[in-house]
Structure formats: C-alpha cells, structure tokens
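Visitor: Generate coordinates for the entire structure from the input sequences, incorporating the hints supplied.
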Amino acid sequence: MAERSEIPVFQNSPILVLVLGFLTCGLYMIYWNMKVAEIFNKISGRELISTPIAVLAGCCQPVSAYFYYLAGQSLGDLGAMIGKAEELKGKSTLLLILGIFLAPAAAMIVQGHLNELYEKK
Amino acid sequence: MSFTRRNEHPRLDRREANHSLFLAATGAALIAASFLWPWHQADGGPVLCMLRLTTGVPCPGCGLTRSFCSIAHGEFAQALGFHLLGPVLYLAVLIAVPVLAYQGITRRRVSIAQRALFSGKLAWGLAIVLMGYHAVRLAAMAWSGALWDGLSSSPIALVIRTIVA
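So the sequence lines, in the order shown, correspond to chains H and A.
Mapping of the first sequence onto the working numbering: residues 8 to 128, in sequence order.
Mapping of the second sequence onto the working numbering: residues 5 to 169, in sequence order.
Just so you know, the hints here were simulated from the structure itself, not pulled from any lab data.
Be aware that one or more of the hints could be misleading.
Here's a subset of chain A near chain H, in silico, CB distances under 8 Å, partners left out [as the list claims (entries may be wrong)]:
(1) Cys53
(2) Leu55
(3) Pro64
(4) Gly65
(5) Leu68
(6) Leu121
(7) Ala127
(8) Leu130
(9) Ala131
(10) Leu134
(11) Leu142
(12) Met145
Remember, predicted model here, so these are calculated numbers, not experimental data.
Note that CB positions come from ideal geometry on N, CA and C, so glycine has one too.
Guide: Structure, rendered in structure tokens:
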C-alpha cells in the first residue's frame, strides 16, 4: 500500500457528485470514475481497477456494477489506511448491487469514504 | 505513479487469474446476449439507464446495447446509428474474451492486454471521444427538439411541475 501523503487529493461533496452527474448528463461520471480508479490503484499499490473500463463504467450499467465491486474491494485498503478496516471491509456486495440499480448512490458512498482519507490527513 | 509493474512478474497470481477469467466470462456473456436478444426488440427493450429513466436525457453510453445487438445481427449501419463507438467496443470485447481466458487459464501474462487494460492514455482517449460524441449527440437532439420532448415528459419534470403548481 502507498503512503497517505502519496495519494492524490480528490475531495468532493458526495451531493456535488450526484448533482454534477445529472447536470452534465453523465459526462462528469466518466471523469469521476477515472479519477477514483487512479486513486484506488494508488491506495492499493497495484493495478486493481482498469482505467479504460472505469471510463465505460461511467455510462454502462453492467460495467458500472463491476467497477463498484472492485471499488468495494479497494475500500478495505482505504479502511486500513484511515483506521476503519473492519467497517469498510466487505462493502463490495453492497456497492455491486447499488452499481446495478442505483449507481449514483454507490458513487456518493465511495466519495464519502474517500473524503475521510483527506479529512484525517 | 509507482505501481508494482505487472510485467516484472511473468505469471499471474490466483486472484489476478480469477479476475481475468471473470472478465472473460462477462465479455462472453455480453457477446452471447447480443446474439440471443430478440432482434425485433432491439429498439424496444427496457430502459435500464438511471439518467434516461429519471430525466429523459440519454447518458453517454445509451445506445451501446442496441448497437451490440445490431452488430450481432449484421446490421452495421444501424449499429453506428445507435452508438458511434458500438462497433469499436464490440470488436474490443471480441478480442479481449479469448485473450483474458487464455491469461486466466494458463496464468501467463499477455503483456499487450495488460498494457491496454491499465493504460491511462487509452482511458483519456476513450473518455474524450465518448464525451465529444455525447456532446454532439445532445446538441443534435436539442436542435431537433427530441431533448426537450424527453425532458418535459420525464419523471423529474413531473415532480418539478407538481412542486411549482
């Protein structure tokens, strides 16, 4: 895993992610997914989420489910970094289901946990 | 970025191999579904896109499923009409399925596949093309009036009208 100081800052309000996603007709979610994939890969210290697939996840539901499943796996590493390993472990299934039926909610959850990383820096 | 380069390790570990097999299976399911989906419903199936369901406006990926179904049934011109990137992505999936299955089964790294899967340049290129295409498509819809028709009859417009009234 990488050091916390090495993680690029990508701090947004979860509500803003939702609003920008709708206002830009989904364009913002493409950018957001790419950035989140980069950050989770950095947190895990390995290439876990493919960035080209993350781009497609921003606009294709089955790919989105896969993206959020992987993001859920990376949340374990994020949890270990912020001292919430047990709390964040095992969120893959929840994010996978939300990724299929309610991707904006999954994005808000992921952004919320990412923000914790920067708040505790 | 200082990731552990995958090419330094010639063989995939178990988790990576399973990941490859999962991706290959998903791609194969997608190809199979595009052939099996009833052709006459290619333009009349259920709307799964959250953005389109709530606002009536298509998202950047809307039309890909119909484009894939059109390709599977040999209708390439129609596939391009549904989504410009449909044929390119379909071809990418067709190539990726056997390559990823080979990687997963033999645990031997196919370096070109790994480079493509984790290429930042490819991701940015894809994102720019997708965003540009979507912007042009939205502008065309706005010009023809289809965008406003979709917006005005959407659930979100109904909610706004109810609140205002």
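Visitor: Give a verdict on every hint.
Guide: Going through the hints against the structure:
Satisfaction of the interface hint for Cys53 (chain A) is found here, the shortest Cβ-Cβ separation to chain H being roughly 7 Å, below the 8 Å cut-off. With 8 Å as the threshold, the beta carbon of Leu55 (chain A) comes within range of chain H, its nearest partner Cβ sitting at about 5 Å, so the hint holds. Evaluation of the Pro64 (chain A) hint against chain H yields a held restraint, the C-beta minimum of about 4 Å falling below 8 Å. Among the interface hints, the one on Gly65 (chain A) holds; its C-beta lies about 3 Å from the nearest C-beta in chain H, closer than the 8 Å criterion.
Interface hint at Leu68 (chain A): satisfied, since its Cβ lies 6 Å from the closest Cβ of chain H, which is below the 8 Å cut-off. Hint status for Leu121 (chain A): holds, given a least beta-carbon distance of 4 Å to chain H, under 8 Å. The beta carbon of Ala127 (chain A) is positioned within 8 Å of a beta carbon in chain H (closest approach about 4 Å), and the interface hint is therefore held. At a threshold of 8 Å, the smallest CB-CB gap from Leu130 (chain A) to chain H is about 5 Å, leaving the interface hint in force.
With a least beta-carbon distance of about 5 Å to chain H, the hint placing Ala131 (chain A) at the interface is held under the 8 Å criterion. A cut of 8 Å between beta carbons decides the hint on Leu134 (chain A): the least distance to chain H is about 6 Å, and the hint holds. At its closest, the beta carbon of Leu142 (chain A) sits 6 Å from a beta carbon of chain H; the interface hint therefore holds under the 8 Å criterion. Checking Met145 (chain A) against chain H by beta carbon gives a least distance of about 10 Å; that is not within 8 Å, so the hint is violated.
Hint compliance for this structure: hint 12 alone is broken.
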